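Asker: Residue numbers (numbering that gives the first Met the number 0), protein chains in the order written: chain A, 0 to 162; chain B, 0 to 162; chain C, 0 to 162.
No lab work stands behind these hints, which were simulated from the structure alone.
Just so it is clear, the structure is predicted and the values come from calculations on it, not from any experiment.
You may find that some hints are simply not true.
The list treats identical chains as one, so a pair stands whether inside a single copy or across any two.
Said to hold, decoys possible - Quick list of in silico lysine to aspartate or glutamate cross-link-like pairs, DMTMM-like style, CA-CA up to 25 Å:
id, residue 1, residue 2
1, Lys146, Asp120
2, Lys77, Glu49
3, Lys77, Glu16
4, Lys146, Glu104
5, Lys146, Glu63
For reference, the chains in residue letters:
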Amino acid sequence: MSEDRLARLLLRAEIEEFNATYCNALDEQRLGDWVEMFTDDAFYVVLSRENADRNLPVGLIYCEGKGMISDRAFALDKTAMFAPRYLRHFVSNLTVLAETADTIETRANYLVMQVLFDRPDATLHQVGVYYDVFRRTPAGLKLLRRKCVYDNLLVDNALCLPV
Amino acid sequence: MSEDRLARLLLRAEIEEFNATYCNALDEQRLGDWVEMFTDDAFYVVLSRENADRNLPVGLIYCEGKGMISDRAFALDKTAMFAPRYLRHFVSNLTVLAETADTIETRANYLVMQVLFDRPDATLHQVGVYYDVFRRTPAGLKLLRRKCVYDNLLVDNALCLPV
Amino acid sequence: MSEDRLARLLLRAEIEEFNATYCNALDEQRLGDWVEMFTDDAFYVVLSRENADRNLPVGLIYCEGKGMISDRAFALDKTAMFAPRYLRHFVSNLTVLAETADTIETRANYLVMQVLFDRPDATLHQVGVYYDVFRRTPAGLKLLRRKCVYDNLLVDNALCLPV
């Protein structure tokens, strides 16, 4: 039994657990917990595949640093428009791309379903890819970068919800 | 290499295999196999997030004990209305919440797609969360409790299908 | 800690990594990389559950051998119709069914979302099951057989895209 394969497996499992915890925080609208999953110097962006493919940085959400991420969460918590919907995340196809002493680079596909309170059926909110860099910290893994690149051209609401 | 991390990983894998087997039984309409995945004193319920959030127990399906679960399966097998559709389950974001000597408490997101035989396209049947308690038995893991809480307010058929 | 359980876990992880790599190749339209994931004598077929259940071999795609698989990829690369859409794969519920000295038989559920460039929203392209046989080769795991059986009766385009 190779130690290498086992180390690789444990790493994948660690990232999968992180992603599950991250998605649970968003699905349960615990935005304060969500903010704590980033490093202080984290970069968080949500942009369309169209723009990502052309290296255009403009996106639905653009946050440099935990302060901006926290502002985003606060803004949503204080609006009346965030509450009346449920989101539900599905993450699949995790791939570990690179690893250094204290960072791990990965990608994974995500699918976010949405239920609006005044409509009875669930609809697709977003489908795309997480391009991530994690950093090992004394408090466990944190996101140093999460770039969410979505395929669907139109996101069906005016709000910029984190995914 | 910590033994703890490995034990945790093996536990997660065991639950993931259980959930895959569970979903395969439902997707292939082997309802007899599905019933055998519960303990004799199992609690199985399917209810809306709306009711779950208000601690209202009323749901689409409410079964106390394997006898009631078996009745549900039998009722579906004997109706002409169950056959003409395909269901397909997707489970993601498994989180182990607690573990005792003989039980494991977990949650996971689920998505069920449906194809009706008289309509050509697949539609979303249900999206939600499994809140589970597993029990270790001499015959392997069994569900002591599965609470399926779905987000979508309207489930698009009159039948109460297990998920 | 049983060596058996660990070996089983490593095998599952290996297949999951393969499937993630496979789906990434298709999602990023790297069809040349996709072809290389099959053995020379591979069998690749995409057919409806209706036909699969009746043992009818007719399907959307039928390839005996890597040459035919390569032809399929080449045909798509050279048509103007393939580019203007994004596909995104989700794989879940992996089950290892059997293992011999050099092959592994598995199944897994798949969901493929599609975004057409002239329509703003993502739609479901296909939902179904991969029935697979992998072979161990000096170059790593390869697909000896991938039978993609989809539930939805109508696939919403005239092109035969690999899934």
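Asker: Now tell me, hint by hint, if it's right for this structure.
Answerer: Taking the hints in turn, this is what the structure says about them:
no. : hint             : verdict
1   : Lys146 to Asp120 : between (29 Å within a copy, 20 Å between copies)
2   : Lys77 to Glu49   : between (31 Å within a copy, 22 Å between copies)
3   : Lys77 to Glu16   : neither (29 Å within a copy, 41 Å between copies)
4   : Lys146 to Glu104 : within (11 Å within a copy, 32 Å between copies)
5   : Lys146 to Glu63  : within (12 Å within a copy, 40 Å between copies)
In terms of the numbered hints stated before, the structure departs from hint 3 and from no other.
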